[in-house]
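Chains A and B, in that order, are what the protein sequence lines are.
Be aware that the first sequence starts at 596, since it is given in our numbering, and climbs by one per residue.
Be aware that the second sequence starts at 20, since it is given in our numbering, and climbs by one per residue.
A couple of the hints might just be wrong.
[What the hints assert, rightly or not] Derived CB-CB ranges, DEER-like:
(1) D28/B / G615/A: 32 to 38 Å
(2) L696/A / S218/B: 50 to 56 Å
(3) L632/A / G287/B: 56 to 62 Å
(4) T291/B / T655/A: 24 to 30 Å
(5) P66/B / E680/A: 29 to 35 Å
Bear in mind the hints are in silico, worked out from the structure with no lab data behind them.
What you are looking at is a predicted structure, and each value in this text was computed from that prediction instead of being measured.
Where is the CB? At the ideal position from N, CA and C, for every residue including glycine.
Single-letter residue listing:
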Amino acid sequence: MAQIRRGTIEYCVLALLRDGERYGFDIARTLSEADGLVTSEGTVYPLLARLRRSGLVDTTWRESTQGPPRRYYRLTDEGHSSLEEFRDQWKRFTTAVEAVLEADGR
Amino acid sequence: MGTDQTIADYLDQLEAALVRSGCSPSRRAEFVGEISEHIEQARAQLPVETEVSVKRMLDRIGRPDELAAEAAQDEATNQQASPRLRQMFLLGSVAAVVLVGVVLGLVLTLPASSGLPIRLPNLLNEQVTTALAKLHRLGVAQSRVMIEEVPQPVPWLPSRLVLAQSPAVGSSLSPGARVVLRVSRGRPMCRPDRTVPPSTLSITMEHATSNFERACYYARAERPLSIRLTNDVVALGSGVPTSLQLIISPSQHPAMTPVPGRPGLFTGSAATTVVVGPNVLAPNSAVFSVPPLNQGTYIIEVLQLGPDKSATLVVS
Chain A
596 MAQIRRGTIE
606 YCVLALLRDG
616 ERYGFDIART
626 LSEADGLVTS
636 EGTVYPLLAR
646 LRRSGLVDTT
656 WRESTQGPPR
666 RYYRLTDEGH
676 SSLEEFRDQW
686 KRFTTAVEAV
696 LEADGR
Chain B
20 MGTDQTIADY
30 LDQLEAALVR
40 SGCSPSRRAE
50 FVGEISEHIE
60 QARAQLPVET
70 EVSVKRMLDR
80 IGRPDELAAE
90 AAQDEATNQQ
100 ASPRLRQMFL
110 LGSVAAVVLV
120 GVVLGLVLTL
130 PASSGLPIRL
140 PNLLNEQVTT
150 ALAKLHRLGV
160 AQSRVMIEEV
170 PQPVPWLPSR
180 LVLAQSPAVG
190 SSLSPGARVV
200 LRVSRGRPMC
210 RPDRTVPPST
220 LSITMEHATS
230 NFERACYYAR
240 AERPLSIRLT
250 NDVVALGSGV
260 PTSLQLIISP
270 SQHPAMTPVP
280 GRPGLFTGSA
290 ATTVVVGPNV
300 LAPNSAVFSV
310 PPLNQGTYII
320 EVLQLGPDKS
330 ATLVVS
C-alpha cells in the first residue's frame, strides 16, 4: 500500500495545482487533511522538490501580507500532460482492480 | 522551555537527522529552509500559542528522522539518472562535460562549500525562522546562530522579529564565526482559558497606569458578545476627564502602529479594525454590543492612548 501511495501522491499534487497555483504550506496542509495520503505535512516538501526538478511544476516567490515570502507552485505544460496521462491510466487501473476484487469476493 | 526553544530544538534535530541520513549540504539547507517556512506559517495559524499547541503542530509536520529519511530517499532517486537523461548524455557528451564544468564552478564559488567568508544579508525585520532559513541557504548552520531576546516586550511588534544583527548587514562572516540576532519579545503570552468566557466581556482601564487591568481577555468565537468598558482613567496629564474609545483588530494587523524614530507618535488605520466602541467618559462604564468574532487572537487598543497601552483578546 505504501508503494501505491508513494506512486500516486505526486499526481495528487499535480491535481491540486490543476486549477491554479498554490503555495507549499497550502499544498502540504491540504494533502495531510486527506485521510491516508501522507504520513505528515513535512514529507510533502521532498516530493515538491522532485516535481520541480523533473520540470512538472515551476515556482515563483511572492511577498505575503501575512508573514514571510511564499514559494508558489504551478503546473508546467509537461505537468498538465503528465496529469492527464495519469488520469486515464488510473481510471483503467482502478476499474481493473475493482473488477478483480469483486470477482474474487463472489 | 519556551515555544521558540521547542521549535529551535526541532530544527536542530532535523538538521542532525539530515546529516545522519547522508543528505548533501545544499539539500539540507533547502529542506530545513522549507520546513522553517512551513513552521512560520503554521505558527501564524495557531489560535493560541502554547507549548502543547506548538508540539502538536510539530507532530503534524513530522518526526525529524522520518522527514530526513524521505528527503534522503528523494535525493537518492534524483541521483539515479533516468533512461532519457542517460541517452542525452550519450548523445551530447561534450555538452555534458561543459555543463559539469559550469556546475562545478558554481559549486566551488558557494561560500558553504568553499569555506570563504560569507557576506551577511539583511535579516532585520524578518521572523527569526525566516532569518535562520536565509542563513542556512548561505551555509550557516543554526548552531552558529545565537538568538537573544530583548529584555522588554514591545507590544506592537510581533514576537521573534529580528531587531538587530551582528555582524552588520553586508559584513563578512569568517568561517566558524557566530551570528547574533536580537529578536523582539512580542506581546505577553495568553494561556488558554479553561473556563467558558462570559457573553459580556468586562474591560477596565486603570487610573494608576492608564492601562488595561489585564493583559489577556477571552471571548467565545462566533457568539453574540457585549463589552462593558469601565473608564477609571479619571484624568491624564492635563487634568481633563478622559474619554476613552476601544478598538479591536486582528493581532497581525493592529489598528495603530508607532512612527519609527518618533516616540509617542503613531499612525492609525481603520481598515482592519473589527470593533470600534463608543466614547466612555471617566469615571463611567458603558456596555455595547459587538459583532460575533471569528476564532483568533486580537489586539485591544484605546484610541486616545496609542499602541503602547494594549491588551490581547483570545477568541476561541
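Hints, verified against the model:
1. D28/B / G615/A: 32 to 38 Å: Between D28/B and G615/A, where Cβ atoms are some 37 Å apart, the hint holds.
2. L696/A / S218/B: 50 to 56 Å: Once the Cβ atoms are compared, 55 Å apart, the range 50 to 56 Å for S218/B and L696/A holds.
3. L632/A / G287/B: 56 to 62 Å: Given range 56 to 62 Å: violated, Cβ gap about 45 Å.
4. T291/B / T655/A: 24 to 30 Å: Hint holds: Cβ distance 27 Å, inside 24 to 30 Å.
5. P66/B / E680/A: 29 to 35 Å: violated, 42 Å
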